[in-house]
Amino acid sequence: MFVYEKKLQYPVRISNTNPKLAALIISQYGGPDGELGASLRYLSQRYSMPYPELKGLLTDIGTEELGHLEMIGTIVHQLTRNLNEDDIKTAGFDAYFVDHTAGVYPTAASGFPWNAASMAVKGDLIADLTEDLAAEQKARVTYDNILRLSDDPDVNDVIKFLRAREIVHFQRFGEGLRLAKERMDEKNIYYINPSFDA
Amino acid sequence: MYIEQTMASRPPMASSEVSAAPSAPFTPSTPAPAPARMMRDMMAANESKCTGKNGRLPGSCAPMVFPYVPMQGQNPQRYDNREALQRGTLFPGLDLPFHRELKTRFPAANTHLSELMALDFAIDELGLYLTTHRDDQEALALYWNYIRLGQEGRKKYEEMHGPLLQTDITEGSFKWLDDPWPWDEGGNK
Numbered sequence: 001m002f003v004y005e006k007k008l009q010y011p012v013r014i015s016n017t018n019p020k021l022a023a024l025i026i027s028q029y030g031g032p033d034g035e036l037g038a039s040l041r042y043l044s045q046r047y048s049m050p051y052p053e054l055k056g057l058l059t060d061i062g063t064e065e066l067g068h069l070e071m072i073g074t075i076v077h078q079l080t081r082n083l084n085e086d087d088i089k090t091a092g093f094d095a096y097f098v099d100h101t102a103g104v105y106p107t108a109a110s111g112f113p114w115n116a117a118s119m120a121v122k123g124d125l126i127a128d129l130t131e132d133l134a135a136e137q138k139a140r141v142t143y144d145n146i147l148r149l150s151d152d153p154d155v156n157d158v159i160k161f162l163r164a165r166e167i168v169h170f171q172r173f174g175e176g177l178r179l180a181k182e183r184m185d186e187k188n189i190y191y192i193n194p195s196f197d198a
Numbered sequence: 001m002y003i004e005q006t007m008a009s010r011p012p013m014a015s016s017e018v019s020a021a022p023s024a025p026f027t028p029s030t031p032a033p034a035p036a037r038m039m040r041d042m043m044a045a046n047e048s049k050c051t052g053k054n055g056r057l058p059g060s061c062a063p064m065v066f067p068y069v070p071m072q073g074q075n076p077q078r079y080d081n082r083e084a085l086q087r088g089t090l091f092p093g094l095d096l097p098f099h100r101e102l103k104t105r106f107p108a109a110n111t112h113l114s115e116l117m118a119l120d121f122a123i124d125e126l127g128l129y130l131t132t133h134r135d136d137q138e139a140l141a142l143y144w145n146y147i148r149l150g151q152e153g154r155k156k157y158e159e160m161h162g163p164l165l166q167t168d169i170t171e172g173s174f175k176w177l178d179d180p181w182p183w184d185e186g187g188n189k
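Chains as they are written, first to last, in the working numbering: chain A, 1 to 198; chain B, 1 to 189.
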């Protein structure tokens, strides 16, 4: 069950508005490698996991990603508050504004709305954990890219935190895969699918 | 991360690198410096023990076709909680910044919120670590300790700044609804 705690994992205090930057950062809200996809992927994969460490791992990381989703939403919200007539015409933001005003909507920076096709739940332990390793790397790269595109120190401070989390998650998923492998057939790890076979 | 390849997908070894009989000692065609030759001899000896169905990692005879991430060692080095929150991880071993990062803006002042965030972050990180290292007794003891500390810290925080959970009791009125919410300007002081 989910309980909400009324604080962010890391503080978000953006001094200056910047609609153009908001229109890029929104990709980590609803883009292909963003936090919405991450949380839904992990929270969905956990049902078919056979071992308790993996159920715990996917639940824990999936929940943390929801907290990150909240942080990205907060960044976008603070970057787009009190906009004036010129701000809303900023190239890159105007197309978002026309449909969402200063609301926070799950879409990629390209304008492509969030889509479950960007995530997978294969129902196979190895496939799912390997997918998770890739997902964390893609998220990390997206944060690297945001750091290249942004020179706002308030924003970059939060982005660097979120990026560091992806590296830690990658490590944990790798460890989860190792723990799983130890319980699988030594001679042939693909002999059965522990997520499906008895 | 190490990814092994199947034997079939690796290019065939040059004839100077492999001997005719699998168990024969390795003989380089050109002389190599002593340490490199020793290394090759050791590797060849190990390879001959492996069935030919295994690849090589640090450590011999690793099963192939499987992504491999080294486990974080037990009782790892830790940052102090405030620095951990700034860096995004409790563990120096996992702290790998991008060249474009600017200096952190984490406040020098010790607000109640920043202290609680730092403690809760250490708890998060330890909990995640324990998920894949459930037998690390020292980490577990530290985890419970932080949680106890956190329970006290929470009470203090809530008295000054309002409830953190909807179910926290706030005598007199339903303070849960009060601004600021975490995404508001002023919600992170």
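Keep in mind that the hints are not guaranteed to be accurate.
Stated by the list, open to error - Straight-line Cα separation of at most 25 Å, DMTMM-like style, residue types lysine to aspartate or glutamate; simulated pairs:
1) A:Lys55 / B:Asp136
2) B:Lys189 / A:Asp86
3) A:Lys122 / A:Glu182
4) B:Lys156 / B:Asp80
5) A:Lys6 / B:Glu159
6) A:Lys6 / B:Asp184
7) B:Lys175 / B:Glu185
8) A:Lys55 / B:Glu138
9) A:Lys55 / A:Asp197
10) B:Lys156 / B:Glu171
Calculated from the structure, these hints are not laboratory results. Since the model is a prediction, treat every value here as computed from it, not as a measurement.
Verification of the supplied hints:
no., hint, verdict
1, A:Lys55 / B:Asp136, "holds, 19 Å"
2, B:Lys189 / A:Asp86, "violated, 30 Å"
3, A:Lys122 / A:Glu182, "holds, 21 Å"
4, B:Lys156 / B:Asp80, "holds, 21 Å"
5, A:Lys6 / B:Glu159, "holds, 14 Å"
6, A:Lys6 / B:Asp184, "holds, 12 Å"
7, B:Lys175 / B:Glu185, "holds, 19 Å"
8, A:Lys55 / B:Glu138, "holds, 23 Å"
9, A:Lys55 / A:Asp197, "holds, 17 Å"
10, B:Lys156 / B:Glu171, "holds, 15 Å"
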